[in-house]
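Enquirer: Single-letter residue listing:
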Amino acid sequence: MDMDIIQQAFQIFFAVNNFIAIFAGVVIGVIVGAIPGMTTPMGVALVLPFTFTMQPVTGILLLLGVYKGGLYGGSITAILIKAPGTPAASCTVLDGFPMAQKGEAQKALDMALYASCFADFMSNLSLILFTGALAGFALRFGPPEFFTLIVFSLTIIAGVSGDSLAKGILSASLGLILATIGLDIVYGTNRFIFGEVELMGGLSFIPVLIGLFALPEILNQFTIQMEKRASANALGQVGATWQDFKKCFKAIMRGSIIGVILGAIPGIGGSPAAFLSYSEAKRTSDHPETFGRGEIEGVAAAESGNNGTAGATMIPLLALGVPGDVITAVILGAFMIHGLRPGPVMFEQNLNLIYAIFMGIMLSSAYLFIVGKVSIKAISKIANIPNNLLYPAVLVLCVYGAYAIHTNVFDVLVMFLVGILGFAMLKLDIPAAPFLIAFILGPLLEDNFRQGLLMGDGDVSIFFRNEICAIFWGLTAFSVYFMVRNHIRAKRRKKPAGSVFP
Amino acid sequence: MTTAKRNIWIGAIAIALAALGEFVVIPLGVTVPSSIKVLALSPDFWPRVIMVLLAGAGAMILFQGLAAGKLLIAPPPVKLEADNEVVHYPFKKQIIRVTAAFAGLFIFYALSPIIGMVVGCMVLVTLATRILGVTSWVKSLCLAVILPVALYFFFAKVAHVPIPLGLFEELR
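These protein sequences, in sequence, are chains P and E. So for the first sequence, the numbering used here puts the first residue at 2; every next one is plus one. So for the second sequence, the numbering used here puts the first residue at 21; every next one is plus one.
Okay, chain P solo, but in the shape it has when bound (with noise of 0.2 Å):
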C-alpha cells in the first residue's frame, strides 16, 4: 500500500465539510426514513443536487450518510407505529412493534440502533477489505467483458421487480428507450432528438430520478382523502442494557454476515437479508414461539441483517462499476456528475479519494450510533409532520434540484414529465426501480457492446472471448434462471384457494 496515496486520502478526508456532510447525511436519512411515504432513494434524490458544488468526496459522503442513516430510520415508525419507513424495515415490525406494545419501545429502538450500528460497521469492512481485490481482477476487463458484466448486473432487476418480473421488464424497457436519447456515442447521429437542441445531450440523471421517485409520490397525495396514521406508543423509560446486548450479539453477528454476503450481490438489497437474518435466528432459538411477539432477538436480527448491506452493496459499484442496488444506483450517478467513473480505472487513477470515502464510510457508523442516541425522540415526532405540509415542501425541493444541475428550466419540465410516467406507473403496479437502473446502466451496456464489436470487426464471438465472459454468461444464466424459478412459484403461493392450479 502507498502510503503517500494514505497520506493524500488523510488530507482530502480531514475536512471540516465531511465531517459535516456525514453527519447532515445521517440526520436527513434517519428522518427520511422514519417518515412512512418517503423512501430512502427519494431522499438521496432530493439531497443529490446540493452536493453538486461540493468537492467530490463530500458530496458521495453526504449521499452515504442519507443512505446510512435511511435504512435505520426506517426501523424507528415500523416499532413505534407499525408502518415502516422503508421496506427492509418490514421485517423489524414483526417483533418490535410488539414491544412497543409492552411499553418496551425504547429498548427495541436502542437494539435497533445497536444491531445496525454493528452491522453497518461489519459491512463497511467488508467493504474496505474486499472491494482492492475485485478491482484488481477487474483490470484484465475489456469492453467483451466489461458487455457481459452489465448484462448480468441487469439481471439484479429481477430483485427490484417486486410481484411481477414482466413488469419489471416492462419498466427497465422504458428506461433503456429514455437512456438512448441524444447523439449515437459511434456515429453522432441524431437519436430521438426531432429538432430540439436541449435532448441533443440526452436526458439529464436528476430529472429523470426526481421524477421518478419524488414526483409520483407527491401527484399521489393528491388522490388521497384521509390517512390515517397510529397514535406512536409511549417510548418507556427502561432502554437497551449491555446483557441484552450480549444475549443478541449472535443474532446480530449472523444477521450482519448474512447482509454483507446478500448485500454484495447485486439486486437483492436489505429486505430479503432482514427476513433470511430473522428467520435465522428463529430457527436457530431456543424460543422460537416468542418471536413475532415481541422477542427482542427478532428486532436485532432484522437490523442487523438489513444494515449489514449497508457497505456491500457498494463493492460491486467501487470494484466493478456497478450497482447493487437503487440506492447506489443513484450514487453511480453522482459520481459521473463529479466525473468520476466507479470501478477499477478510479481504483487505478484515484486511489486517494477511494480510501477518503473509506474513511468517511467508518465515521458514518459512528455518527449513526450519536445521531440514534441522542435524536430518537425528535425524530419519531418529526415523522408526524401532516403530509399535506410535508409534500408541498418536496416538492418545491424537486423544483429547485432538477433546475440547479444545469440551470436549465428544459430539466424541470423533464422531470415533470418523468413524474407523470412514474405515477402513471405507480397507479399501475409498475415498480420504479428497473427503470432507474435500466436508465443509468444502458448507456454503459451499449457503449461496451458497440466498443467491443468494433475490437472485433463485427463479430459477436468477441463476448465469448475468454473465462471472464463465460462466466458472466454462466452467472446471468443462473440468475435468469433462479428469478424466472423464484416468480412462479411466489405465484403458485399467492394463489387464493379455489383456483384451477395447486
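Calculated directly from the structure, the hints in this document are not laboratory data. It is possible that part of the hints are untrue.
Listed below are the simulated BS3-like cross-link pairs for lysine-lysine, each with C-alpha atoms no more than 27 Å apart in a straight line [what the hints assert, rightly or not]:
(1) E:K112 with P:K428
(2) E:K113 with P:K428
(3) P:K428 with E:K57
(4) P:K378 with P:K103
(5) E:K159 with P:K378
(6) P:K103 with P:K382
(7) P:K251 with P:K374
(8) E:K159 with P:K382
(9) P:K428 with P:K248
The structure presented is a predicted model; accordingly, all values stated were derived computationally and were not measured.
Put chain E on the given structure of chain P with help from the hints.
Expert: Just chain E now, with coordinates in the frame of chain P:
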C-alpha cells in the same frame, strides 16, 4: 378494474408502444448513416432491440392478464392495516384532482420565465397545500414563503446557481 383486466390493458399498450416505436418513431427519429457495414453497430440497432424487449414484456403481461381472466382467479383480498389506513377519493374525483395537479405543474413551467422560480414556487406551494387540505392560511403561507426563499438563498448565494427571478430580477 380487476388486476387481470388492468394487466390486459398494460400488456396491450406496451405492445402498441413497441410497434409504434419500431415502425414509426425509430425510422423518423434515428438518423442512420448510409455507410453502416455491421448491422449491430447501426444507431437504430439498440433502440430496436429495446422495442423487442418492450413488446416481449407487454406480451407476457397480456398473457398473464388473459390467463388470470380466463381462469376466473379472484384477486387476493385487500387487507387493510388496521392502524395505518389510507382512504382514496372516488376514481372520478381522483382524475380531476390529479389532472389539476398536472395542469398546475405545466402552468408553473410556462410562467416561471415570467414570474420567476421563487414566486412561482410560492404560488405552487400555496395551491398545493390548500388542495391537499391545509385549512390554516398562516401555515400555507409560511411554508410557501419561507421554503422557496431559503432555497433561493442557498442556491443563489452559497452554491452560486443563478435562480431565475423573472419580473423580480431587479431584486437580485
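Enquirer: Looking at the structure, which of the earlier hints fail to hold?
Expert: Of the numbered hints given earlier, those the structure breaks are 3 and 9, listed in rising order.
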